[in-house]
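Peer 1: So the protein lines, in turn, are chains S and H.
All the letters of the first sequence, read from the start, carry residue numbers 0 to 524 under numbering that gives the first Met the number 0.
All the letters of the second sequence, read from the start, carry residue numbers 0 to 417 under numbering that gives the first Met the number 0.
No wet-lab data here; the hints were simulated from the structure.
We put the beta carbon where it would ideally sit given N, CA and C, even for glycine.
Incorrect hints may have been included.
What the hints assert, rightly or not - Derived lysine-lysine pairs resembling DSS-like cross-links, with alpha carbons at most 30 angstroms apart:
(1) S/Lys282 x S/Lys243
(2) H/Lys285 x S/Lys103
(3) H/Lys189 x S/Lys394
(4) H/Lys132 x S/Lys243
(5) S/Lys417 x H/Lys132
(6) S/Lys478 x H/Lys189
(7) S/Lys114 x S/Lys103
(8) H/Lys132 x S/Lys340
(9) H/Lys285 x S/Lys114
(10) S/Lys113 x H/Lys285
(11) S/Lys159 x H/Lys285
(12) S/Lys337 x H/Lys132
(13) H/Lys285 x S/Lys217
Unchecked claim - Distance windows between CB atoms, simulated:
(14) S/Gln117 x H/Lys285: 22 to 30 angstroms
(15) S/Glu501 x H/Pro169: 25 to 33 angstroms
(16) H/Asp81 x S/Ala104: 44 to 52 angstroms
(17) S/Lys113 x H/Tyr60: 34 to 42 angstroms
What the hints assert, rightly or not - Covered stretches of chain H (in silico footprint by chain S; criterion: 3 or more residues with CB under 8 angstroms from a CB of chain S, positions within the stretch not fixed):
(18) 111 to 121
(19) 154 to 162
(20) 266 to 279
(21) 318 to 330
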Amino acid sequence: MSRNVLGAITLTLLAFSGLSAADPAADQKAQQNALYVLDRLGYGPRPGDLDRVLAMGVDGYIDQQLAPEKITEPPELQRRLDALETTRLSAADLFRDYGPPARKAAGADEDARKKVQQAANHVAEQAQQARLLRAIYSPAQLQEVMTDFWFNHFNVFRDKGIEGHIWVGAYERDAIRPYALGHFRDLLGATAKHPAMLYYLDNWQSSMPRQDRFGDIKGGLNENYAREVMELHTLGVDGGYTQKDVTELARILTGWTYLPRELEAGSQPEFFFDPRRHDFGDKHFLGKNFDGAGSDGEEEGEHALDLLARSPATAKHISYQLAQYFVADQPPPELVQKLAKRFHDSNGDIREVLRTLFHSSEFRDAAASGGKFKTPYRYVISAVRASGIDVINFKPLLGALNQLGMPLYGCQTPDGYKNTQSAWLNPDAMVYRLNFANALGNGNLPLYHEPPPAPVAMAGDMPVSMSMAPPPMTAAQYKPSPPDPMVLQATLGNPFSLQTSEALAAAPPRLRAGMMLGSPEFMRY
Amino acid sequence: MDRRTLLKNMAMTSLLPFGRAGWAFAGDGTAPAGKRMIVVMLRGAVDGLNVVVPYANDEYYSMRSSIAIARPGVEGGALDLDGRFGMHPALAPILPLWQSRKLAFVHACGSPDPTRSHFDAQDYMESGTPGVKSTGTGWMNRALGTLPQRPGALEAVSFGPVLPRIFSGPDAVANVPLGREAGRATAMDKSEINEGFDRMYADNGALGDAYREGRKSRQQILSDLGDGDARDMKEMKEADNGAPSPKGFALDAAQLATLLQRTPELQLAFMQLGGWDTHVNQGGSKGQLANHLQPLAEGLALLTSQLGPQLDDTVIVVMSEFGRTARENGNKGTDHGHGNVMWVLGGPVAGGKVYGDWPGLSSSALHEGRDLAVTTDFRAVLARVCEQHLRLPDKHLATVFPGAPATGSGNVKRLLTT
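With the rest of the complex left out, here is chain H:
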């Protein structure tokens, strides 16, 4: 550690109870919430052609003899969107969002980098710099750094036991453990124990920073979820009329909604889901992919409904590192491909429309003769949300997505209403 950082840390720890700044409690949530962006990442490359099905393309059906989603109107058929595309039937829980024009898709969207490596492609999507591996920070952390600072507040949160690449960087981000553990009191919530550790970690570089951020977010999360958790769950159960209480992604989504409601300063959130790498027995309207899409759709529906009026200030993006082969493979599955579909939800979204420039699935249109081509750079969509929704000025956009194409290209420029 250099001398300057050391001094800075020492000065701050001597002045304030926890870390860089005292902890501003969110209070009763009456303060107006700012603009929010939530990113949900589907790790493992979801098959976008079966998420938003180009049912008007005959090639789709000839290339996917066992896994295609049938045209709308038949048993297990796609949910019609616009006469050309239909949603996978497992996404029925978010159909009302489409109908109320709060859900849009950008098809044939993806990375300019051709890699079919999950890990490189995810890395690029999280660093925001396709093809450049040396980028040390994630774009959501850079975005956080350019947003108005509210000292001491919980401004960014990630769900899950590890901090994802997308949030790595100098600005503090809290992470919330998954499931019901999140709101439970622990030994570290006892002063007898945490006082000693506060002293031990009073400086200590990166470990000390993580420690203080962890203590701070524990307090916020305990106050948000600890007491309220049981009550909310009870209310939800009643509203669900005896349906099982949410678990997995739906539970995390409900907890995120609670955090967002009670923490007006929270601006950026990240969640992730795995299990999309369907090389074998992907299934059609039912089966493996359907079983993964359904809880995702249920969680998104729950999140948006619980946010209530706050959805007007929230944009949710669902993305995945690349798409899958247009043709099914030898095992009723799909291999690593290229172009995919991006989902954009929220009050500010000009929804009810499939955006992007659809290249079709003819053999000449396919990328390398096998994959959906990319006609919209994923950064164009993300940057559009950062620019128009989070109100990042141009000079900051260039920091968040260096070298990205103009955000106003194609019909994506009309993706948001404000």
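Extracted from the complex, chain S is given alone in its bound form:
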């Protein structure tokens, strides 16, 4: 069906709903553009968002979103984030209190080991809750979208060991979030040095082979991070590097590690350059000579990351991904080129690249297309946002993401989740989404259900924070009342085709909210 027909239908429906003013066509266009930026810069409208963006204008909204530091979080959101006590702990504190030292202290006692694992699960669950709380309720939506974008780009995996569980949230907080709209080089450096990444891609164990005191050869190179940082994080797989470059970069990055004992004691910073592990030999990387003996070792790695961040291949790779994420699965090459130039000229200033993107004709022209298919994450978040429900129990949302193949912090491989239709549209997912939409729209998701109590504090040396009472319940009922279909329709700006509208009209009113959240129009954005 052509967009003209769709537009005409929507217009008719708008007229019926009494929203039209003197110039219905202009109103219609303004509303479409406002919904478009709400959908693309954020996770879609919450009740009242459409009117707010109409009032400030699309350009005003873009400017506001590009300056998240000026947006104040609502006090209730802040209060609920503050209640997640483990999200404030440093990576070192998490390691000591919840990580391998806690497991070691538990010894062979099965019950004690189980409690340590439960405590680590609790840390990961709080990180997930914090992420969902912000994605659903924060008005700084672009900040949330970019946090997710970069987390996927520099993916780490919750289920790789107890370290994965305890560090995934700290990683997002320390290495991703502060730079989500900052400079790419800072993001690259912060992720490269964070213990979560050092652990996930094994660099913390990579070392120049060395003799121990018995004369045995210990340790050696591990190429894992060196390869992925070029293939996925910077140059891209066709970025012109060779196997030799992978090995040389692995040598350059030997000694980039963390020291478990010092982390436990709190005596060293989380990132540690260990000269004993570093290969001080000469290297040749991406056509440049590295004089190993003439450096302090650590600066070689910094220099290599500089080269990677400044490479035109990186500018192109990142620009392609941004254009695919924000505009179309097959992004227009002219736009990618434009963004790559901006990336290069601004020295990798992500905010400026995004500003160029949001003001490009390619982005503006896609406003009428509904051309992107929501990922499971976007689908779930946008549905909860539109419904206006106050979520206390996040388990049903996390469960839906698991079932749809996109568990939060659960992408095992370093390439992160894709955001294209071909990756996510499939028969089972369609049916599952509709089941989820029904449950949410009909008030059958236990989003108020009391969460299970926090794990019982272990005897002796467990952290004080563990014994804190769970936050007080703010709702009496277990399930929220279903969203009013009329309100939901207004929140969404009534984007429905004639076919959808007829199906809605034919359905019993109590099923309509679920059907709207399951409509073809709500699958796209």
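Since chain S is already given, all that's left is putting chain H on it; use the hints.
Peer 2: Okay, now just chain H, sitting in the frame of chain S:
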């Protein structure tokens, strides 16, 4: 959407209850099953040299001081296959298949493309076109398109919440959620709810297609697994003499066996397993890799035993995007390599033999001085199965694996008995 597709969809939806065609129920499974091919993909590059161990090569032991699998006959040693190669001991559950000549391996098998990127290599293995990124469809979807059509039937199925690249393309493929959720009734199984959505999605391009395929396969799967699930599980439990009921891959394998038994039209199936990227502490006869191989072997054993006589019409291929370095790395693990081993199981397999042209592990034989070389193109094996087992004619083979080498090269031409 173009006008023609729109009209086609409209015409079909007005004629038939669900989608392109009505849903032909599989019935009681008395109709003879056709030829089947099941592909199991091990994502993350399994270490083939520790799956089928070249224990006769001394270099193997000198390059893998901490992770090598010992020679057969000692504690934790390889399970001897042919005097040259031995299976990882965690694969004991499939040893009977080897002994009954229903399991073969093709060693030093892999892609002609040298990439050591997981993602490119998997992409090539799924598109069937190494080195060509622009191929829009997966080879299993192209294969499906050339097989005899049985309108309305569930002909291809993938396990897992997303549709893999290998099945992407124009022909409809169902996907089955993992685990026990698969056979459970949901809101969408209620007519009050699904009628409205049938109306909403009555056209709607790709979304409408996915919707109809999803509704259709839900009905098939509910009828296959919903009522029967509990019964089968009970029977299985009894047969297992109190052993824990299958979970993870074994459960999926059991569900696939049930689907195959009750859906004679089902021709192609795909399953996948992750966790093979063993850069650190790979382990030897025990440890990380062993812990992943064991449930895989158990699942394959369960699948083959549950298929019973239908195994005679089934070929199962287990493959992975590339192998791992011949030498262990600095962390008792292995890095990304090149050549690997491919597993081929089923009634039509001339099993009990390690196929391929073994290049050895001497430094001059290693690819780029570090990896097992590739002497058999993975497409030669897959195309052999498509040609000889699924009976794809040459012109269709050229569509499924364009530019692939001849399937009759080397001893791989004798891989199947029929």
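Peer 1: If a hint holds in the structure, say so; if it does not, say that too.
Peer 2: Hints, one by one, checked against the model:
1. At most 30 angstroms may separate the alpha-carbon atoms for a hinted pair to count; S/Lys282 and S/Lys243 meet this at roughly 10 angstroms.
2. With a C-alpha separation of about 22 angstroms, the suggested pairing of H/Lys285 with S/Lys103 holds against the 30 angstroms cut-off.
3. In summary, the hint linking H/Lys189 to S/Lys394 is supported, as the alpha carbons are separated by about 25 angstroms, within the 30 angstroms threshold.
4. Among the hinted pairs, H/Lys132 with S/Lys243 is consistent with the structure: their alpha-carbon atoms are about 23 angstroms apart, no more than 30 angstroms.
5. The suggested pairing of S/Lys417 with H/Lys132 holds, with an alpha-carbon distance near 16 angstroms, which does not exceed 30 angstroms.
6. Taken as a hint, the S/Lys478 and H/Lys189 pair is honoured in the structure, with Cα atoms around 22 angstroms apart against an allowance of 30 angstroms.
7. With a C-alpha separation of about 12 angstroms, the suggested pair S/Lys114 and S/Lys103 falls inside the 30 angstroms cut-off, and the hint holds.
8. The straight-line distance between the Cα atoms of H/Lys132 and S/Lys340 is roughly 25 angstroms, inside the 30 angstroms bound, and the hint therefore holds.
9. With a C-alpha separation of about 26 angstroms, the suggested pair H/Lys285 and S/Lys114 falls inside the 30 angstroms cut-off, and the hint holds.
10. In summary, the hint linking S/Lys113 to H/Lys285 is supported, as the alpha carbons are separated by about 23 angstroms, within the 30 angstroms threshold.
11. Between S/Lys159 and H/Lys285 the CA atoms are separated by roughly 19 angstroms; this keeps the pair inside 30 angstroms, and the hint holds.
12. Distance check on the hinted pair: S/Lys337 and H/Lys132 sit about 24 angstroms apart at the alpha-carbon level, within 30 angstroms; holds.
13. Of the pairs offered as hints, the one joining H/Lys285 and S/Lys217 holds, with about 21 angstroms between alpha carbons and a cut-off of 30 angstroms not exceeded.
14. Between S/Gln117 and H/Lys285 the C-beta distance comes to about 26 angstroms, which sits within the given range of 22 to 30 angstroms.
15. Range check, S/Glu501 to H/Pro169: about 29 angstroms between beta-carbon atoms, so the 25 to 33 angstroms window is met.
16. Range check, H/Asp81 to S/Ala104: about 49 angstroms between beta-carbon atoms, so the 44 to 52 angstroms window is met.
17. Judged by the Cβ atoms, the range 34 to 42 angstroms given for S/Lys113 and H/Tyr60 holds: they are separated by roughly 39 angstroms.
18. Figure legend: the segment 111 to 121 of chain H, annotated as covered by chain S; annotation consistent (6 residues with Cβ-Cβ distances under 8 angstroms, at least 3 required).
19. Beta-carbon proximity to chain S at under 8 angstroms applies to 4 residues in the segment 154 to 162 of chain H; the threshold of 3 is reached and the given coverage holds.
20. A stretch counts as covered by a chain when three or more of its residues have a beta carbon under 8 angstroms from one of that chain; for the segment 266 to 279 of chain H and chain S the count is 5, and the coverage holds.
21. Look at the segment 318 to 330 of chain H against chain S: 3 of its residues bring a Cβ nearer than 8 angstroms to a Cβ of that chain, three or more, so the hint holds.
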